[in-house]
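Protein chains in written order, with my numbering: chain D, 1 to 497; chain C, 1 to 497.
Please note that a few of the clues may not be correct.
With a Cα cut of at most 25 angstroms, we get these calculated PhoX-like pairs of lysine-lysine [stated by the list, open to error]:
hint: 1; chain 1: D; residue 1: Lys169; chain 2: C; residue 2: Lys228
hint: 2; chain 1: D; residue 1: Lys108; chain 2: D; residue 2: Lys68
hint: 3; chain 1: D; residue 1: Lys336; chain 2: D; residue 2: Lys169
hint: 4; chain 1: C; residue 1: Lys228; chain 2: D; residue 2: Lys305
hint: 5; chain 1: C; residue 1: Lys374; chain 2: C; residue 2: Lys267
hint: 6; chain 1: C; residue 1: Lys309; chain 2: C; residue 2: Lys169
hint: 7; chain 1: C; residue 1: Lys309; chain 2: D; residue 2: Lys228
hint: 8; chain 1: C; residue 1: Lys25; chain 2: C; residue 2: Lys106
hint: 9; chain 1: C; residue 1: Lys309; chain 2: C; residue 2: Lys267
hint: 10; chain 1: C; residue 1: Lys169; chain 2: D; residue 2: Lys169
hint: 11; chain 1: D; residue 1: Lys106; chain 2: D; residue 2: Lys71
hint: 12; chain 1: D; residue 1: Lys336; chain 2: D; residue 2: Lys267
hint: 13; chain 1: D; residue 1: Lys267; chain 2: D; residue 2: Lys374
hint: 14; chain 1: D; residue 1: Lys169; chain 2: D; residue 2: Lys228
hint: 15; chain 1: C; residue 1: Lys369; chain 2: C; residue 2: Lys336
hint: 16; chain 1: C; residue 1: Lys305; chain 2: C; residue 2: Lys169
hint: 17; chain 1: C; residue 1: Lys228; chain 2: D; residue 2: Lys309
hint: 18; chain 1: C; residue 1: Lys336; chain 2: C; residue 2: Lys228
hint: 19; chain 1: C; residue 1: Lys369; chain 2: C; residue 2: Lys267
hint: 20; chain 1: D; residue 1: Lys228; chain 2: C; residue 2: Lys169
hint: 21; chain 1: C; residue 1: Lys228; chain 2: D; residue 2: Lys228
hint: 22; chain 1: D; residue 1: Lys400; chain 2: D; residue 2: Lys374
hint: 23; chain 1: C; residue 1: Lys169; chain 2: C; residue 2: Lys336
hint: 24; chain 1: D; residue 1: Lys228; chain 2: C; residue 2: Lys305
Quick list of the computed label-pair ranges, beta carbon to beta carbon [said to hold, decoys possible]:
hint: 25; chain 1: C; residue 1: Gly315; chain 2: D; residue 2: Thr323; range: 42 to 50 angstroms
hint: 26; chain 1: D; residue 1: Ala11; chain 2: C; residue 2: Val446; range: 33 to 41 angstroms
hint: 27; chain 1: D; residue 1: His137; chain 2: C; residue 2: Gln133; range: 43 to 51 angstroms
A short, non-exhaustive set of chain D residues, derived as facing chain C with CB atoms under 10 angstroms [unchecked claim]:
hint: 28; residue: Gly206
hint: 29; residue: Ile208
hint: 30; residue: Leu214
hint: 31; residue: Ser444
Just so you know, the hints here were simulated from the structure itself, not pulled from any lab data. All C-beta atoms in this analysis are idealised placements derived from N, C-alpha and C, irrespective of residue type, glycine included.
2 protein chains.
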Amino acid sequence: MTIMMPAADQAVLARREAIIAALRKLVPGEGVISSAAEMLPYESDGLMAYRQPPMVVVLPDTTEQVSKVLKYCHENGIKVVPRGSGTSLSGGALPLADAVLLGLGKFKRVREIDFDNRAVVVEPGVTNLAISQAVAHAGFYYAPDPSSQIACSIGGNVAENSGGVHSLKYGMTTNNLLGCEIVLMSGEVIRVGGKTAETSGYDLMGIITGSEGLLGVITEITVRILQKPETARALMIGFAEVEHAGQCVADVISAGIIPGGMEMMDKPAIHAAEAFVHAGYPLDVEALLIIELDGPGVEVDELIKRVEKIALGCGSTTCQISTSEQERLLFWSGRKAAFPAVGRISPDYLCMDGTIPRAALPLVLRRMKEMSAKYGLGVANVFHAGDGNLHPLILYDANKPGELQLAEDFGADILRLCVEVGGVLTGEHGVGIEKRDLMPEMFSEVDLNQQQRIKCAFDAQGLLNPGKVFPTLHRCAELGRVHVHGGKLAFPDLPRF
Amino acid sequence: MTIMMPAADQAVLARREAIIAALRKLVPGEGVISSAAEMLPYESDGLMAYRQPPMVVVLPDTTEQVSKVLKYCHENGIKVVPRGSGTSLSGGALPLADAVLLGLGKFKRVREIDFDNRAVVVEPGVTNLAISQAVAHAGFYYAPDPSSQIACSIGGNVAENSGGVHSLKYGMTTNNLLGCEIVLMSGEVIRVGGKTAETSGYDLMGIITGSEGLLGVITEITVRILQKPETARALMIGFAEVEHAGQCVADVISAGIIPGGMEMMDKPAIHAAEAFVHAGYPLDVEALLIIELDGPGVEVDELIKRVEKIALGCGSTTCQISTSEQERLLFWSGRKAAFPAVGRISPDYLCMDGTIPRAALPLVLRRMKEMSAKYGLGVANVFHAGDGNLHPLILYDANKPGELQLAEDFGADILRLCVEVGGVLTGEHGVGIEKRDLMPEMFSEVDLNQQQRIKCAFDAQGLLNPGKVFPTLHRCAELGRVHVHGGKLAFPDLPRF
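Extracted from the complex, chain D is given alone in its bound form (with noise of 0.2 angstroms):
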């Protein structure tokens, strides 16, 4: 649907002028963009089914720039929502009719490569993938992996604290990151880790990823980077039952094996993958799990025996073994793929994304079953099994009335689902505008509360991304408040240390 902008009297439209023309003198060039054809591509992130043009888009290509921009915006009360590549699935990025679009797209130089610490210092707009092609040539990579790899940020990946296919065994962005730069609301620098990975004073690097824009602006990242793996293998395996799958991802993992990376498909997902790049998936199963194992060549054979010896005893229908490098990448071909192939069978499709305990894997399953049912709408299941982050793919055709709402009530109910076997309502797409009404679902009030205090302990006007992750966003001032009985301090003149 497309948010209009409401009709604007004269005074706002020259304040708005009154904003570009002061945003034009901190951002020399061509780094301030006004007009509605050019504001065109910013209207929307991944969550395409919400469009908004901002008030201006920002495209500084400085720390300084960024600093001065903030701090004009914070004087002068203007709201704020930075963006990166906008390939965020949740809304993080949607613009608002009255804020400034702060673009990072100019920040995309590679700052320096540190093989002696195995560190990488990076602009934020660096995309995930360049990471690891400026290590490439001496055998390192970048480890998070999102399926968007090619076309997401660094800064934005940090925002929403992205995984990947190998997450599950060389972590999420958060455990891959050392150090950053941030500038305040207010225009000022504050600079968190370095190269190392233990800090000192308090864990602001832990709070601002995953902060979906509301803390911050990232201006420079250092990550950490990993040596390729000798040898990396795949099975994929294939089960008459979605549940015997669920098992065996838990089985694997009782087992105390690891693998660099453990996805599950479903019958419609596997339908779609292979209609679209025909990596060879069976088509008589119900699920296909791809298992990869990596390490030195010695040891993934003998992990590949293991997998498939507890695949046969959940019973497991078919098994292959990627026996080449090209193998491999094939059987990942279908996987890497499908989003975009789920898009060719159904008009629509909503992308869910919600964490279980692994334990309740078949429990999560049988029930989206019965839900779907109950809804009329399709699912198709695509998931990072192994570390219990479900991205169900409800399908739904926009043309038809009702089906879009139908198709977010679903993904609600999954939602739900997710807390109430223990789990969390994201895995990596962040909350964004997305899930920002079932925030309750998950927390308390109290805790919203808490959450809120850390928003205001650096945002205290609430200027920065507003409307996205809170549900309600209270006065800083009301949320502040100490609470003393009778007014006073009880016992003020106690000998002091």
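Starting from the structure of chain D, add chain C where the hints point.
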């Protein structure tokens, strides 16, 4: 030194009595300790140079009791110092004369062992080692292993983000933590995380980990457990120059090998340890590396050969490889007993804790030798070389006037050096009171103010563990001031989303 309680007048004493009486109602039975003799064991933590009797000691048994105690203290403006097992080396649990010491020693239950999700739920007073013992029968363990693991509590581990000799490969506490329950200073209870690695909402777990008791009181912790590696073998490698050992550490890491542990000791530490535990350490070397490799047997054999070759390339003069589990433990016994061993050769020692980028290791070792000559004080070096976490032990005699001061100055110089080469003030011991006044060496005023705004978001009155971590604690109202030009927001009526 002993810091005496200032002469308290009658009114102060009467207030103390009133507080004790109120606490006794909230924590019945033997949960309140107020006599000078019984409070003696609580006067200091592992930073033994500092002692201070608390106002009163409270030992609650349930989350509800902790909540009631904090609520009461919050409403009455009474300071609170939380304490686990009291093994902190930075004075994090040092009492204050006018503060309630809140001990979590009664929180000793292992609440749930969940092998399917590889998670254990424990109370904060459970010792680090007890977690591993509780799951050992099934071949699992909890990875972070501080030297004090027999005594230190998991709650304290979370508060200080403790590491150990295996943190290089398996991470610090923060990398092995899945969830916790925290009582805020207001008495409100929040839950963070769960049994899955991902979280939605802000990463409060990251900010709680390493927060040194300034943000909340942890009452339940869920940790990740790992399966014990199939094999573990250790190499004990001697070098004629400390710098050669430093180079070997850097070379092992940049070769892409991640040992289970990689520890370094210099000559004074080797001699002290050998005299104490007779581990068979070579006495004619300047530095000793203990490198442990773990994993499947075939992989370990292969890695041992590679490490041995790298060491030779760095000029190693001796190399022993463990051939049995008994021998592996013998290699480690000297390293693990190094602190008490150094205690036998010097009347007193100050254990420092800083972290540097690995590549700076040879430089820092050389500079430390120069400082030792300048101050005329010996230094024994024992450290987690693999992740650059130094533990220099500065040898001094507290009975010689001025030597403690000299040792502290030497220590401060070492930490300044760590920051200078791009490292940080602490690896795993925390800031506490020990490194509090060095924080500005590392952080700008903007950084420190932002950290304090986080503190304010949790504890606006500054009642939790005051005097620790921050050199000066600003009033929250002062930090939260919104800077608006002309006293009003400039564009209040732009169209809203």
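Just pull the numbers of the violated hints for me, sorted ascending.
Of the numbered hints, all hold.
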